[in-house]
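A.B. asks: Keeping the supplied structure of chain B fixed, place chain V upon it in accordance with the hints.
There are 2 protein chains.
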Amino acid sequence: MENIPYKIYLTEDELPKAWYNLRSAMKTKPAPLLNPGTHEPMSAADLAPVFCDELIAQELDNDTPYFEIPKEIYDFYKMYRPSPLVRAYCLEKAMDTPAHIYYKFEGNNTSGSHKLNSAIAQAYYAKKQGLKGVTTETGAGQWGTALSMACSYFQLDCKVFMVKVSYEQKPFRREVMRVYGADVTPSPSETTNVGKKILEAHPGTTGSLGCAISEAVEVAVSNPGYRYVLGSVLNQVLLHQSVIGLETEAALKKYDIVPDIIIGCAGGGSNLGGLISPFMRDKIEGKLNARIVAVEPASCPSFTRGVYAYDFCDTGMVCPLAKMYTLGSNFIPAPNHAGGLRYHGMSPVLSQLYDDGLMEAVSVPQTEVFKAAEAFARVEGILPAPESSHAIKVAMDEAAKCRETGEAKNIVFGLTGTGYFDLVAYEKFHNGVMDDYIPTDAELQASFDGLPKF
Amino acid sequence: MENIPYKIYLTEDELPKAWYNLRSAMKTKPAPLLNPGTHEPMSAADLAPVFCDELIAQELDNDTPYFEIPKEIYDFYKMYRPSPLVRAYCLEKAMDTPAHIYYKFEGNNTSGSHKLNSAIAQAYYAKKQGLKGVTTETGAGQWGTALSMACSYFQLDCKVFMVKVSYEQKPFRREVMRVYGADVTPSPSETTNVGKKILEAHPGTTGSLGCAISEAVEVAVSNPGYRYVLGSVLNQVLLHQSVIGLETEAALKKYDIVPDIIIGCAGGGSNLGGLISPFMRDKIEGKLNARIVAVEPASCPSFTRGVYAYDFCDTGMVCPLAKMYTLGSNFIPAPNHAGGLRYHGMSPVLSQLYDDGLMEAVSVPQTEVFKAAEAFARVEGILPAPESSHAIKVAMDEAAKCRETGEAKNIVFGLTGTGYFDLVAYEKFHNGVMDDYIPTDAELQASFDGLPKF
Numbered sequence: 170m171e172n173i174p175y176k177i178y179l180t181e182d183e184l185p186k187a188w189y190n191l192r193s194a195m196k197t198k199p200a201p202l203l204n205p206g207t208h209e210p211m212s213a214a215d216l217a218p219v220f221c222d223e224l225i226a227q228e229l230d231n232d233t234p235y236f237e238i239p240k241e242i243y244d245f246y247k248m249y250r251p252s253p254l255v256r257a258y259c260l261e262k263a264m265d266t267p268a269h270i271y272y273k274f275e276g277n278n279t280s281g282s283h284k285l286n287s288a289i290a291q292a293y294y295a296k297k298q299g300l301k302g303v304t305t306e307t308g309a310g311q312w313g314t315a316l317s318m319a320c321s322y323f324q325l326d327c328k329v330f331m332v333k334v335s336y337e338q339k340p341f342r343r344e345v346m347r348v349y350g351a352d353v354t355p356s357p358s359e360t361t362n363v364g365k366k367i368l369e370a371h372p373g374t375t376g377s378l379g380c381a382i383s384e385a386v387e388v389a390v391s392n393p394g395y396r397y398v399l400g401s402v403l404n405q406v407l408l409h410q411s412v413i414g415l416e417t418e419a420a421l422k423k424y425d426i427v428p429d430i431i432i433g434c435a436g437g438g439s440n441l442g443g444l445i446s447p448f449m450r451d452k453i454e455g456k457l458n459a460r461i462v463a464v465e466p467a468s469c470p471s472f473t474r475g476v477y478a479y480d481f482c483d484t485g486m487v488c489p490l491a492k493m494y495t496l497g498s499n500f501i502p503a504p505n506h507a508g509g510l511r512y513h514g515m516s517p518v519l520s521q522l523y524d525d526g527l528m529e530a531v532s533v534p535q536t537e538v539f540k541a542a543e544a545f546a547r548v549e550g551i552l553p554a555p556e557s558s559h560a561i562k563v564a565m566d567e568a569a570k571c572r573e574t575g576e577a578k579n580i581v582f583g584l585t586g587t588g589y590f591d592l593v594a595y596e597k598f599h600n601g602v603m604d605d606y607i608p609t610d611a612e613l614q615a616s617f618d619g620l621p622k623f
Numbered sequence: 170m171e172n173i174p175y176k177i178y179l180t181e182d183e184l185p186k187a188w189y190n191l192r193s194a195m196k197t198k199p200a201p202l203l204n205p206g207t208h209e210p211m212s213a214a215d216l217a218p219v220f221c222d223e224l225i226a227q228e229l230d231n232d233t234p235y236f237e238i239p240k241e242i243y244d245f246y247k248m249y250r251p252s253p254l255v256r257a258y259c260l261e262k263a264m265d266t267p268a269h270i271y272y273k274f275e276g277n278n279t280s281g282s283h284k285l286n287s288a289i290a291q292a293y294y295a296k297k298q299g300l301k302g303v304t305t306e307t308g309a310g311q312w313g314t315a316l317s318m319a320c321s322y323f324q325l326d327c328k329v330f331m332v333k334v335s336y337e338q339k340p341f342r343r344e345v346m347r348v349y350g351a352d353v354t355p356s357p358s359e360t361t362n363v364g365k366k367i368l369e370a371h372p373g374t375t376g377s378l379g380c381a382i383s384e385a386v387e388v389a390v391s392n393p394g395y396r397y398v399l400g401s402v403l404n405q406v407l408l409h410q411s412v413i414g415l416e417t418e419a420a421l422k423k424y425d426i427v428p429d430i431i432i433g434c435a436g437g438g439s440n441l442g443g444l445i446s447p448f449m450r451d452k453i454e455g456k457l458n459a460r461i462v463a464v465e466p467a468s469c470p471s472f473t474r475g476v477y478a479y480d481f482c483d484t485g486m487v488c489p490l491a492k493m494y495t496l497g498s499n500f501i502p503a504p505n506h507a508g509g510l511r512y513h514g515m516s517p518v519l520s521q522l523y524d525d526g527l528m529e530a531v532s533v534p535q536t537e538v539f540k541a542a543e544a545f546a547r548v549e550g551i552l553p554a555p556e557s558s559h560a561i562k563v564a565m566d567e568a569a570k571c572r573e574t575g576e577a578k579n580i581v582f583g584l585t586g587t588g589y590f591d592l593v594a595y596e597k598f599h600n601g602v603m604d605d606y607i608p609t610d611a612e613l614q615a616s617f618d619g620l621p622k623f
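First to last, the protein sequences are chains B and V. Here my numbering is used: position 218 in the first sequence is 387, and no number is missing along the way. Here my numbering is used: position 27 in the second sequence is 196, and no number is missing along the way.
There could be a bad hint or two in this list.
Note: identical chains are not told apart, hence a pair may lie in one copy or across any two.
[Claimed, not checked] DMTMM-like mimics (lysine to aspartate or glutamate), calculated; alpha carbons at most 25 Å apart, straight line:
| # | residue 1 | residue 2 |
| --- | --- | --- |
| 1 | Lys297 | Asp451 |
| 2 | Lys296 | Glu223 |
| 3 | Lys423 | Asp244 |
| 4 | Lys333 | Glu223 |
| 5 | Lys366 | Asp605 |
| 6 | Lys333 | Glu596 |
| 7 | Lys196 | Glu228 |
| 8 | Lys540 | Glu596 |
| 9 | Lys422 | Glu181 |
| 10 | Lys423 | Glu183 |
| 11 | Lys297 | Glu261 |
| 12 | Lys578 | Asp244 |
| 13 | Lys422 | Glu573 |
| 14 | Lys492 | Asp524 |
| 15 | Lys423 | Asp182 |
FYI, nobody ran anything at the bench for these hints, they're computed from the structure.
Chain B on its own, in the form it takes in the complex:
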């Protein structure tokens, strides 16, 4: 066996000192956010009532390649980073594949996912600006948990609007947020105007991410000292998540490993965008010839069946317009347990890269994903989150192809989190009652018809 350890750990000194801004390497920059009223690009001043000032600067900067990680964030990172790059020796052996499989594991923190990388950054800038607190929405709960932890650390108030159905079905996620002192409200609620309107129009509704976003934004803009924060899609989030890719790059370089395929799950794109950032730069610059693959659920296939167009980021249509691969902001994904992948749109950065032919995308049905997840758990130990398991599924498919061809490809994928709060989904899988709904062309067309026209 080679001299590569099971887990490649960087030392604390090797933790990246700066985030990398992939936009700086892109020949075609991502399209700007547009004001939904004027259709003009959003300026920093337009965004100031909603977002923190320094985060806006990061959001709008397509040119600066590196942003130094402030010491306060760096110190927090050191509590759970560098995260390990794991050589999946046991999976390789179980699959009898000549492929070398590596995964960057982001689940070893209490939020259970990579979301903490951006949550702590956003909380820091809010604190630095002298704010009282931040508001956000959460669906599956990973982002809300991560933000609660970050706000607790900086002693910021944290108001989370949690999609009502998740609030009721995932009481444990809610309870973790309470441990960290967050104020968690089921959405839609009577605490906001938009919530009241929705409850009037749809009594008994169990809520949606779009509605929760609208409530969180309303509370942020109508309370002095508050701003709204978001855990994916935005350029700033991909910037913070570049720490994943930079660590992966450093770990691979230690052993002179050149990736042949890089795979990540993609909902809003925060993990994938972070993981690939240095590799995509090298690919753009002609220094790396790796395939880069986004994996999405067949139930919510923005890349593989969506259109590249300006669309609203939320169903309430209060947020700016973003040019992205989208299923339309009216698209309601079927109940799919990978809650973190149930988003109608996609990061504008990743959308542009995909449109430029620099990335591939594939969609996979849920039952296949859980089969891969269980097979992985049994040999690699880690119980993966349903979101992460989309990447596992495709990594295993690629490793199986290597078994056929005899190629010893280096496959690298992002294992974004753990599935400890997703056991209702695993139970459905075990009991054979998991749904595999795939939207029809007619459904998608109806949703596309609602895209903003201009």
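C.D. replies: Chain V only, in chain B's frame:
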């Protein structure tokens, strides 16, 4: 700030190559297990129908200092070990204490605790003996999960009897075991004679650990190719868990840190016995002057209020007699959420060390434990298991004393696991409905009266 990192990681090469047998250093050896019928010491032949042969050899060996870790177990360890020794900089800062606080974190694996260290060893020896499978009981579920993972890795059948009340209240734990292919039966069940008898005598009972042990033992001895395995109390388990202490010792030595106080929670003693093993050896040999502190729940205070006597390990009285600090095998602890600490007895090794004055013990009420747990989570990020939080509570008390005296003591404690499956308990804590029941002297006396007499 010193040059000590937030997390001291050993390299894979520094993972201990052998387990350390603390009994070899003890001047007074732990008392032998006795046959409940004859009151003679149990021989290897007596134990053979119940336990695996190599584990029996480890159980009975008070002299061999080191047992080499077989390659198959070592390879598995490399998937999640070495575990980090964390310097709790954030907790120190939040408490404004001059103390240096370190914790050995064993929660970064899917079983969520240190139990996996012994589970994989016991599964390996069962496989090596050519057995079909193993049986066990689980209360809180950590041990059952760990054993399921280990059996899945070695493709052994795994039959878990889970205390019925836990089976019903902790469906997610059960589901994790199903991911790993274990057969989980709520206990008492109709599948065993002892289960049927208990159900007849106590219809509607929600079960107990003692009953689950009796069912698991019955299935092991009455099915060819099966043996029974146990996650704590036994000498062999402490031997396997010495990997915790050996890694801790190696990590401290890297930075020339000499511990002043070593703290661990104690139920059956598996974590504490493993953590302290090399340090207790040095203490016995006069090379280390550290205090060693066991922390137990006030609801189940074997060390602090029990007696040192021969007692049954199970309530069904089918297991051998062990000399240990015990509350009596009839003692039923009040519902305390630290399920892993609800055991009437204590490891014979630790019992002898405590009796020899080499260890201290302290008991703490549950609400205080959860207060410490939440304070810890908010600054150190990790959501701790209720069991582990007993150690946190006392470590924080000691750090607070250092604040008063100005001493920069080195406090080391074992953080055995995460609390992701204990959120019902956290919810009770948040809602102010947590019980703090402490047994009365009369209750304990009644239980002592039932101790075997000879």
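A.B. asks: Now look at each hint and say whether the structure bears it out.
C.D. replies: Hint by hint, here is what the structure shows:
| no. | hint | in the structure |
| --- | --- | --- |
| 1 | Lys297 - Asp451 | neither (34 Å within a copy, 49 Å between copies) |
| 2 | Lys296 - Glu223 | within (11 Å within a copy, 58 Å between copies) |
| 3 | Lys423 - Asp244 | both (24 Å within a copy, 21 Å between copies) |
| 4 | Lys333 - Glu223 | neither (32 Å within a copy, 54 Å between copies) |
| 5 | Lys366 - Asp605 | neither (33 Å within a copy, 45 Å between copies) |
| 6 | Lys333 - Glu596 | both (21 Å within a copy, 18 Å between copies) |
| 7 | Lys196 - Glu228 | within (18 Å within a copy, 67 Å between copies) |
| 8 | Lys540 - Glu596 | within (12 Å within a copy, 33 Å between copies) |
| 9 | Lys422 - Glu181 | both (16 Å within a copy, 18 Å between copies) |
| 10 | Lys423 - Glu183 | both (11 Å within a copy, 19 Å between copies) |
| 11 | Lys297 - Glu261 | between (46 Å within a copy, 23 Å between copies) |
| 12 | Lys578 - Asp244 | between (36 Å within a copy, 23 Å between copies) |
| 13 | Lys422 - Glu573 | neither (28 Å within a copy, 49 Å between copies) |
| 14 | Lys492 - Asp524 | within (11 Å within a copy, 72 Å between copies) |
| 15 | Lys423 - Asp182 | both (14 Å within a copy, 16 Å between copies) |
Hints 1, 4, 5 and 13 from the list above are not met by this structure, while the remaining hints are.
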